[in-house]
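Asker: One letter stands for each residue in the lines below.
2 protein chains.
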Amino acid sequence: MTAEILAVGSELLTPQRVDTNSLYLTQKLNELGVEVTGKGIVGDDRARLAEAIGEARGRAPLVILSGGLGPTEDDVTRDAAATALGRRLEFHQEALDAMEARFRAFGRPMAAINRRQAYILEGAEMLPNGRGTAPGQWYADPKGVLMLLPGPPHELQAMFEQQCIPRLKNVVPPQHIATRQLRVAGMPESDLDQLIAPIYTRYQNPATTILAAPGDIQVHFRGRGSTEAEARAAVEEVSRQVEAALGDRVYSRNGESLEEVVGRLLQARGATLAVAESCTGGLLAERITSVEGSSRYFAGGWVSYTNRFKIGRLGVKQQTLEAHGAVSPEVAREMAEAARSAAETTLGVSVTGVAGPTPDAGPGAAGPKPAGLVYIAVADAAGCQVQERKFLGERERVRWQASQVALDLIRRKLG
Amino acid sequence: MTAEILAVGSELLTPQRVDTNSLYLTQKLNELGVEVTGKGIVGDDRARLAEAIGEARGRAPLVILSGGLGPTEDDVTRDAAATALGRRLEFHQEALDAMEARFRAFGRPMAAINRRQAYILEGAEMLPNGRGTAPGQWYADPKGVLMLLPGPPHELQAMFEQQCIPRLKNVVPPQHIATRQLRVAGMPESDLDQLIAPIYTRYQNPATTILAAPGDIQVHFRGRGSTEAEARAAVEEVSRQVEAALGDRVYSRNGESLEEVVGRLLQARGATLAVAESCTGGLLAERITSVEGSSRYFAGGWVSYTNRFKIGRLGVKQQTLEAHGAVSPEVAREMAEAARSAAETTLGVSVTGVAGPTPDAGPGAAGPKPAGLVYIAVADAAGCQVQERKFLGERERVRWQASQVALDLIRRKLG
Chain L
1 MTAEILAVGS
11 ELLTPQRVDT
21 NSLYLTQKLN
31 ELGVEVTGKG
41 IVGDDRARLA
51 EAIGEARGRA
61 PLVILSGGLG
71 PTEDDVTRDA
81 AATALGRRLE
91 FHQEALDAME
101 ARFRAFGRPM
111 AAINRRQAYI
121 LEGAEMLPNG
131 RGTAPGQWYA
141 DPKGVLMLLP
151 GPPHELQAMF
161 EQQCIPRLKN
171 VVPPQHIATR
181 QLRVAGMPES
191 DLDQLIAPIY
201 TRYQNPATTI
211 LAAPGDIQVH
221 FRGRGSTEAE
231 ARAAVEEVSR
241 QVEAALGDRV
251 YSRNGESLEE
261 VVGRLLQARG
271 ATLAVAESCT
281 GGLLAERITS
291 VEGSSRYFAG
301 GWVSYTNRFK
311 IGRLGVKQQT
321 LEAHGAVSPE
331 VAREMAEAAR
341 SAAETTLGVS
351 VTGVAGPTPD
361 AGPGAAGPKP
371 AGLVYIAVAD
381 AAGCQVQERK
391 FLGERERVRW
401 QASQVALDLI
411 RRKLG
Chain D
1 MTAEILAVGS
11 ELLTPQRVDT
21 NSLYLTQKLN
31 ELGVEVTGKG
41 IVGDDRARLA
51 EAIGEARGRA
61 PLVILSGGLG
71 PTEDDVTRDA
81 AATALGRRLE
91 FHQEALDAME
101 ARFRAFGRPM
111 AAINRRQAYI
121 LEGAEMLPNG
131 RGTAPGQWYA
141 DPKGVLMLLP
151 GPPHELQAMF
161 EQQCIPRLKN
171 VVPPQHIATR
181 QLRVAGMPES
191 DLDQLIAPIY
201 TRYQNPATTI
211 LAAPGDIQVH
221 FRGRGSTEAE
231 ARAAVEEVSR
241 QVEAALGDRV
251 YSRNGESLEE
261 VVGRLLQARG
271 ATLAVAESCT
281 GGLLAERITS
291 VEGSSRYFAG
301 GWVSYTNRFK
311 IGRLGVKQQT
321 LEAHGAVSPE
331 VAREMAEAAR
341 SAAETTLGVS
351 VTGVAGPTPD
361 AGPGAAGPKP
371 AGLVYIAVAD
381 AAGCQVQERK
391 FLGERERVRW
401 QASQVALDLI
411 RRKLG
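Here the protein sequences come in this chain order: L and D.
For what it's worth, our numbering labels the leading residue of the first sequence as 1, then goes sequentially.
For what it's worth, our numbering labels the leading residue of the second sequence as 1, then goes sequentially.
The following block holds chain L by itself, in its conformation from the complex:
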């Protein structure tokens, strides 16, 4: 079975915005055995969108629209779909009630124009939106299915997952799919590919895909079979060999993020954590606390951005700073140990470095230190380990990679 995806919105025809909803949708459709055969991007133009919907329905039995369901004049998806299908839009009190309840729950008045969002295609099912005001729509006729989904990714994803996938399973011929995802920290993509390409290129099934971000690589396997066992066996055969080749660089086998793995390990060991950051400026703490329930193992942290703060608030020795500079293994060590001791935690972790882009940027470099130079320290009852790294790239990329290495060191310490 095939699908076409239409993203709606004039902002998607500017140089700034790219449609990413279709990537999520494609992944979910592929998992059901549906191939995406075309994608289109249409501005806020009712007539053109109606035409595009008609054309897409002429080619594919599943057509998915994202965006254009808001309350403003520019939101033309409902009207365009009605034109394309030759159907009326009907007012749904139920949809309006849900919107009003949502606004009430947050103690805000609902603007009158939101009423527009309560119009549903004649014959369509309304898809409730748990994360926003615009309801989605599911319209099915002998020609195929048309789905209208909201544009904001977190709304679209929740709605597709909860409302569309169960309905699609009644429409799409069953095919068994098994997937596995290995995540690897701190390895360049080319090194990883050289190591594992000799394995995965020998197999058509599963399909193997590598997604690389700086310091973080995902290896996806997607196996197909006429039974679930067959699909799983295909994945198993290849992923086992790839895992063996990658060893302990693999931090997750089930989609868990590195911060989730670290949180799970800390809880399992009954351990607690405090951090002291300089160049990452709060990013390490932010990533750790992005995990729900992190207050069970994360005590807190210091963003010790100036030397004065490092000395006065965190307890780094002035003479250490003067002798070695803020970006040094000695200061990294004192920061990690100070964090651990002041917060009374099992582990103390620190990051100090030059985020860049200028070599002398970053706080308190006593001597000139190059952009990208970072020291990361992990202290526990047994002592303190310090690592030196040199990262390439922009400020944001250096900071992100430094937080990645810090998290991976915690993982290895606990693993």
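In case anyone wonders, no lab produced these hints; they're calculated from the structure.
Careful, some of the hints might be misleading.
Since the list gives no way to pick one copy over another, a pair counts as held whenever it fits inside one copy or between any two copies.
Distance condition first, Cα-Cα at most 20 Å in a straight line; then the derived EDC-like pairs of lysine to aspartate or glutamate [as the list claims (entries may be wrong)]: (1) K390 / E330; (2) K413 / E35; (3) K390 / E100; (4) K169 / E35.
Based on these hints, arrange chain D on the given structure of chain L.
Answerer: Quick look at chain D alone, frame taken from chain L:
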């Protein structure tokens, strides 16, 4: 004048790949005064691509194709364009010679299949490729222009810059473009639109686009004119009225981010800043320090995640925590004042709240507090202001909106 862009390649219909060539092309076209009115992504399917080219040419005088010009069976762009135009493909010895010279220069033998790339549409101009083997093509007839460009971005960009832009200048009526961008914090999109739609909808020129993220909205104006002054006047007329309607909610007129505006204002006032965060977990400090040179005004911060840390490390009073709970205006106030006093800064800012998703999640809620409830405090020499907010959505979204409000309060304090 309008253009449509078609990206060709089955890899662009996978969950991993997104077409980015169209962003570059859109920017360059906009600079010439050309609007992109639609984009499409087509797989390696000759018949479907021929149909898509014909449809696009029926709608827009400029049609640009990227990709599908390689030497393999899967590269169908030449054939599809020939079918769509009803033109033959002609062998160009000149194109083959250029390819052979390129291979020779790299000391490699040219495979026989590369010969396919030397076929050019009858009546088209060959566009030499300085960075790869596939030549591009420029085909013009009374209906419009069709451009065939290679898929790799560095090849496409060089070819478009050197070969297409000079030709387009002879085709596109000369037009001047002026732009302005207003950024607004802490206002729901529907409220903003209700306020400013009565203004901007009265004008076709400039074009007004609204890009909304939670707690952050961009309003883009793009004016056209036969002179630069005319284009600028069109933008000025509308943006002035919109600015007046939005008042001090506008934090930037030139594309500066909120963290950059805050940094600039702190420097201009010779002021310094420290933060104490609970539910944002380091995000506020991370955003402040994402700005290069932030060490000139940012002293540091505390991520006081547990009550014990709030009391022991930051100096919040135990009885305040017990009487009001960690998520309370009283604790927000003590956190902001403690940060300011300990770091000896001009301003101290704090955030405490329930990031969610569960109501009792978040550190140390003495009584039950709903997810999304956040207190933000700003302390200076004159005293301390506290704001209560209730944010919608997921954990990450609540945290981001809380950091946004905190930054906006600092801006207003300094403004």
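Asker: Evaluate each hint against the coordinates.
Answerer: Comparing the hints with the structure gives:
In this assembly of identical chains, the alpha carbons of K390 and E330 lie at most 20 Å apart only when taken from the same copy (17 Å versus 44 Å across copies). Taking the shortest Cα distances, K413 and E35 never come within 20 Å of each other, neither inside one copy (41 Å) nor across copies (54 Å). Within a single copy, K390 and E100 get their C-alpha atoms only as close as 53 Å, which misses the 20 Å cut-off; across copies the closest is 17 Å, which meets it. Proximity of K169 to E35 under the C-alpha cut-off of 20 Å is restricted to the intra-copy arrangement: shortest distance 14 Å within a copy versus 40 Å between copies.
Hint 2 alone, counting from the list given before, is not met by this structure.
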